[in-house]
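Enquirer: Residues per chain are reported as follows:
There are 2 protein chains.
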Amino acid sequence: MSLSLYQASVPVFIRGLENLSHILEKGAAHAEAKKIDPAVLIGARLFPDMFALARQVQIVSDTVKGACARLAGVDIPSWPDTETTFPELQQRIAKTIDFLRSLKPEQIDGGDQKPIVLPTRSKGDIHFTAQSYLLNHAFPNFFFHVTTAYGILRHNGVEIGKWDYLGKFD
Amino acid sequence: MSLSLYQASVPVFIRGLENLSHILEKGAAHAEAKKIDPAVLIGARLFPDMFALARQVQIVSDTVKGACARLAGVDIPSWPDTETTFPELQQRIAKTIDFLRSLKPEQIDGGDQKPIVLPTRSKGDIHFTAQSYLLNHAFPNFFFHVTTAYGILRHNGVEIGKWDYLGKFD
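Residue numbers (my numbering), protein chains in the order written: chain A, -7 to 162; chain B, -7 to 162.
Careful, some of the hints might be misleading.
Since the list gives no way to pick out one identical chain from another, each pair is judged satisfied if it fits inside one copy or across any two copies.
[Claimed, not checked] DSS-like cross-link-like pairs, simulated, lysine-lysine; straight-line CA separation at most 25 Å:
hint : residue 1 : residue 2
1    : Lys160    : Lys57
2    : Lys96     : Lys18
3    : Lys26     : Lys115
4    : Lys154    : Lys26
5    : Lys18     : Lys87
6    : Lys96     : Lys57
7    : Lys115    : Lys96
8    : Lys106    : Lys26
9    : Lys106    : Lys57
10   : Lys115    : Lys18
11   : Lys106    : Lys18
12   : Lys154    : Lys96
13   : Lys115    : Lys57
14   : Lys106    : Lys27
15   : Lys87     : Lys57
16   : Lys87     : Lys160
17   : Lys106    : Lys160
18   : Lys27     : Lys57
19   : Lys27     : Lys87
Derived from the structure by calculation, the hints contain no laboratory data.
With the hints as extra help, turn the sequences into a complete structure.
Expert: As structure tokens, then:
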């Protein structure tokens, strides 16, 4: 027995996206309860030259739609980064989950060693195997931006805890 | 071809620990250059009831020594959480890497479906398969605390970037 590339990618990302959606719901509810303009949270960041909350969510989406499309060998859907409200960020997450759900295990499984080229702005093209790309780039990057979204909300007083991030296990 | 449970765990965690070590080195260098008491960074947190930097690093260590020991079916090493300086946190990371390196692929591979019980303070025992434990608990938890350590340093002005977190790809 060993892990299939599909099982190690698509359902893990969908779970993380659902947990991010739940965290953002708590952020929106907090803004409403405390009469905070939601735009304050949407534009919040941990340091002046870090990305704000909306961009963190967009990068989460970009990371997983890019990763799963590359693993499956299909075109990466291109979506403009225009979300500025909690409902729009929720739609972006839902659209991302829909795309991931459209991929079939047989499109991804068995391709662990296939070459993946990741174009980057600052480092040029990075060459991976599919397995290394998933484990050493896509996972760390995905959880980085989900956690930073969590950290931005937490830093601003939203009452979320680690179990909101980890999700349910039953 | 599919992923081995060992390849999907031990080397991924070692890489993340090495990147965390690198980030902490930059934090220590920043404190020295700016004549900041390193204890200020070690005790920094993103919100009053979140864990400070030292505890984030200890939980990173606990997460991976617990995860890899459970996957390998060996006792989890127990270490006191006494680190209060950058050098001590580096030693904790090095000791964690040494433990992970002591595990052999044959202790972990093939056990994807074996039952894992994770005792937790707030939710009691959580029951997983090894695969689900790795993908849905250990990974998200590991990257959560590495990213939060990064976020604490970044929030305090340490000049680190995403590539310090992701590490090198050559």
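Enquirer: Honestly, which of those hints from before does the structure not fit?
Expert: As far as the earlier hints go, 2, 3, 7, 8, 11, 12, 14, 18 and 19 are violated by this structure, in ascending order.
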